[in-house]
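From first to last, the protein sequence lines stand for chains A and B. Letter by letter, the first sequence follows residues 12 to 227 in our numbering. Letter by letter, the second sequence follows residues 725 to 1039 in our numbering.
No lab work stands behind these hints, which were simulated from the structure alone. Incorrect hints may appear among the rest.
Claimed, not checked - Far from chain A, some chain B residues (derived; all Cβ distances over 12 Å):
1. E776
2. T810
3. R813
4. A846
5. L928
6. F937
7. I993
8. L1009
9. V1024
10. I1035
11. R1036
To be verified - List time: in silico DSS-like cross-link candidates among lysine-lysine, alpha-carbon distance up to 27 Å:
12. B:K995 <-> A:K216
13. A:K224 <-> B:K998
14. A:K19 <-> A:K224
15. A:K43 <-> A:K198
16. A:K198 <-> A:K120
17. A:K224 <-> B:K995
On a predicted model such as this, the values are computed, not experimentally measured, just so you know. Note that beta-carbon positions come from the ideal geometry of N, C-alpha and C, so glycine has one too.
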Amino acid sequence: MKVLFFKKQHQVESLIYDYLENLKMSKEHFYKALNVCFEQGICGEFDFQIDRTHKFESKADDVREDIKTLMYEKALLPESRGDIMGLLEAMDQVPRLFELVLFMIKTQKLMVPEFLILDLKELLDVTMESCALMVKQVETLFQRREGIRALVSTIDLNESHADHIERRIITKIFDSDIDPFQKLQLKEMIVNVGDISDQVDRISKRVNIISMKRRV
Amino acid sequence: MVSLLSGVFLGWSLGANDASNVFGSAVSARMLRFWTAALLASGFVILGSLLEGQAGIETLQNITPMGLKEAAVSSLAAAATVTLMTFARLPVSTSQAVVGAILGIAVLNRELNTPNLSKIVACWIGTPIGGLLIAVILYRLSALVYNDLSMNLFQSDSLLRLSLIAAGSYGAYALGANNVANVTAVFVAADKLTVFAAVLVGGLSIALGIMTFSRRVMETVGRRLVRLDPFSALVVVMAEAITVHIYTFVGVPVSTSQAVVGAVVGIGIIKGIKTVAPRTLVNILLGWFLTPVVAMVMAVGIYFAIHLQYIRPVP
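The following block holds chain A by itself, in its conformation from the complex (with noise of 0.2 Å):
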């Protein structure tokens, strides 16, 4: 019945589900191919990480397009169109950050001193975390409305931590004794891996509006 008189509505559904399926894939490979950083350095296997990485983010894009198509032929109400397109816009930004920090490192060769190891994969977990929740809260989104305010909480605590974490980091590398090109490059490494916890920050709250603006 819903498939007979809504059909591009659960081909757009089923399309947003693909996309948070390659988000998902693209976090998994960022995650892998920093700590393959963290242990062994640009090697074959951070490569091989980068590329996967570099695959989802390309796949979601492409069903990114897909949903924005359909949504140009008329599937659901304009403002839930909107709300789509302007989450999908916003969650888009997230692969390209993992991709800009792993080619930032790949580049720029840049080697990961062992004093920040423990620290840069506690900013990583508390990321990769926040990503995860992310995700969780937009999959709420579609299926169900509850919990959604809770996600937010979580998020934004998450958002903090990684704040305080990324001060810690920068303080630590501009202590130390390591040349101050490669200070100033971790630096801005560090800071696009903050980047991430921000913007997963602010879809979160734009779930939430998003939710919000459905109650009457």
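Based on the hints, put chain B in the right spot on chain A.
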């Protein structure tokens, strides 16, 4: 048959303009194709005309007695008033134009059913007020149910889209039931048509207007409602349909546009925002006075014009 043409023209313009009040939001938001909306609207207008159009006809045919010539004059005067005021970008209600034109004939007849006229005028004033009150009550009640359903984005979207189509269809039914009297009541008064033929011809001519000329109006005028959120737009369409349907039971043709404005004001009161510009409200008040007066003057003018005779000068 030729005398009926002015009535058909009036029905056509009514269909072309008023269909936007019921399906404008769905079409301009592209949640419904124009042709689907036009077919639904036409079908339900004809159904409404046939099933419930008689009451309004009985009210209008009893304002003043008239022959075929007077019926054609009043119908032509109403059509000319609607056209003239639309071109002048002044607010116009077909119902008020028709009653104004019949009043013009009544002036010439020197015979007027005052209680009937009072009932009609009271209903004109009651239309936006009714739209407002029904919108407020409907919004409050349906919001309780809607929030309690706790739907996800897709479910609420589907529900709103289906409801807008259902409300639009009901609105078209109410439009046909209420406004068909404007189109052909005068011909029933003139004994030119039976009540059944009147509702059939009236319903068909409104449907013709919807099918042939409502697209542009639906796509542009409808956007005014889409600026509201979808739930409020649904309440507005539903409140307008219920208001117009209530006046169908009373037997008085009223303006769907004025019911819509009332409902939009109601939404504004609930949300604490200004949804209608004060100018629009002033325009409605202006329309209440101007439309019947212009139609009355037009009817008297046309009547005198067709009775002008050339008098040969005495040598």
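Hint check results:
Listed as outside the interface, B:E776 is consistent with that label: its C-beta sits roughly 29 Å from the nearest C-beta of chain A, beyond the 12 Å cut-off. Residue-level check passed: B:T810 sits 28 Å from the nearest beta carbon of chain A, beyond 12 Å. Distance to chain A confirms B:R813 as a non-interface residue, since its nearest Cβ pair spans about 27 Å, more than 12 Å. Non-interface status of B:A846 relative to chain A is upheld: no Cβ of that chain comes within 12 Å, the nearest being about 33 Å off.
Separation of B:L928 from chain A is adequate, the least Cβ-Cβ distance of about 30 Å exceeding the 12 Å criterion. At the 12 Å boundary, the C-beta of B:F937 stays outside the reach of chain A, the nearest C-beta of that chain being 23 Å off. Residue-level check passed: B:I993 sits 15 Å from the nearest beta carbon of chain A, beyond 12 Å. Annotated as non-interface, B:L1009 keeps its C-beta farther than 12 Å from every C-beta of chain A; the closest such distance is 31 Å.
Here B:V1024 stays apart from chain A, with its beta-carbon at least about 48 Å from theirs, past the 12 Å limit. Distance to chain A confirms B:I1035 as a non-interface residue, since its nearest Cβ pair spans about 65 Å, more than 12 Å. With a closest Cβ-Cβ approach of about 68 Å to chain A, B:R1036 is found to remain outside the 12 Å limit, as its non-interface label requires. Proposed proximity of B:K995 and A:K216 is supported: the alpha carbons are some 23 Å apart, at most 27 Å.
Using a Cα cut-off of 27 Å, the hinted pair A:K224 and B:K998 holds, with the two alpha carbons roughly 19 Å apart. Our distance criterion of 27 Å between C-alpha atoms is met by A:K19 and A:K224, whose separation comes to about 23 Å. Using a Cα cut-off of 27 Å, the hinted pair A:K43 and A:K198 holds, with the two alpha carbons roughly 21 Å apart. Our distance criterion of 27 Å between C-alpha atoms is met by A:K198 and A:K120, whose separation comes to about 14 Å.
Distance restraint check for A:K224 and B:K995: the Cα-Cα separation of roughly 13 Å lies within the 27 Å cut-off, and the hinted pair is therefore satisfied.
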